[in-house]
Amino acid sequence: MKLYSAIAVSLLVSLAQAAAGWETVDDAAVQAAQKLFEESIFGVGTFASKYPSNHPVPELRDQVVASPDYFAPCFLNGDLLMLAMPVSQHWRNALTSPHRNATFSIGSNPDPSIPDPRHVKSFHSRVAPNLLKGHKPPHWDPSRPNWRRFMPSKNRMTLFGHIVQVPSLSSAISPVVSSQHDEAHSLAQCFLSYHPDSAHWAPGSTESPHTAFWARFVVDRVYHVGGFGDEHFIGFIPLEKYREAVGAQYREASTTVAFIAENRVAKAVHIEALFASWSGDENPSLILQG
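Residue numbers for the sequence shown, in mature numbering (1 follows the signal peptide of the UniProt record, and there is no 0): -21 to -1, 1 to 269.
Careful, some of the hints might be misleading.
[As the list claims (entries may be wrong)] Between beta-carbon pairs, the in silico distance windows are: (1) 42 x 3: 32 to 40 angstroms; (2) 188 x 125: 42 to 50 angstroms; (3) 78 x 207: 30 to 38 angstroms; (4) 121 x 219: 37 to 45 angstroms; (5) 88 x 175: 16 to 24 angstroms; (6) 38 x 121: 50 to 58 angstroms; (7) 172 x 66: 45 to 53 angstroms; (8) 78 x 121: 44 to 52 angstroms.
The set of hints was computed from the structure by calculation and includes no laboratory data. Here a beta-carbon is modelled for each residue, glycine too, at the ideal position from N, C-alpha and C.
Hey, can you work out the whole structure from these sequences and the hints?
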């Protein structure tokens, strides 16, 4: 009887371990880093901030507002480059909050016809998904049930962070208008290589009726939902693991044709050197006073 009890306990422990998923936190860190470069999401995530508790409209006080927004992975440590538009309420909330806090969520393309690179037949696709332009999407593993091919089974993450204004760029001339300010030009070009349409409202553009400036979303914490918990990791990823994984993605990308052709890695390295000694003390809320 004791033998059967021991076997039953062992089986329950095994089932509990299986329910925790087969991925490790290191696997999740790599997936989070890869998500920044995934072509199928088009460099779009969801920016969320909170209305202040003293907002003139009582019904909006402490309410959260979220909206899709562009980002570009132009920093080697996993921070995001963004184009701040104070005319947008989610930006205004973040920039005027005491700590300029916000969250930025990045998900997978919900289209079930686009396979999850973790569940495809090609091993190469699982190692370096979507890094090469023109890469033909692999097929789903035929053994995977159809109901596990939709959005809930795909990975997504929420980045908790704060906003800082990129120095020397609030008044810099857009590279579309002028080639001045070489350092600012390099950083802006990195963003524009992902979102060329944004040149029409980038800082210095003669076409934009609104104030805009380049901002750095400094990542403070990373929460990753890998998909279904019986397969994938769900939880917070240590920041150092996330940053290391992003750096590794840049090193891997330096060997791919797409990144060499677009010179994104070279730009990112130059950009990181530019901010190596930056203290980040600038106050972006001053933009709102103009």
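| Checked against the structure, which of the hints given earlier come out wrong? | Violated hint (a single one): 7; every other hint is consistent with the structure.
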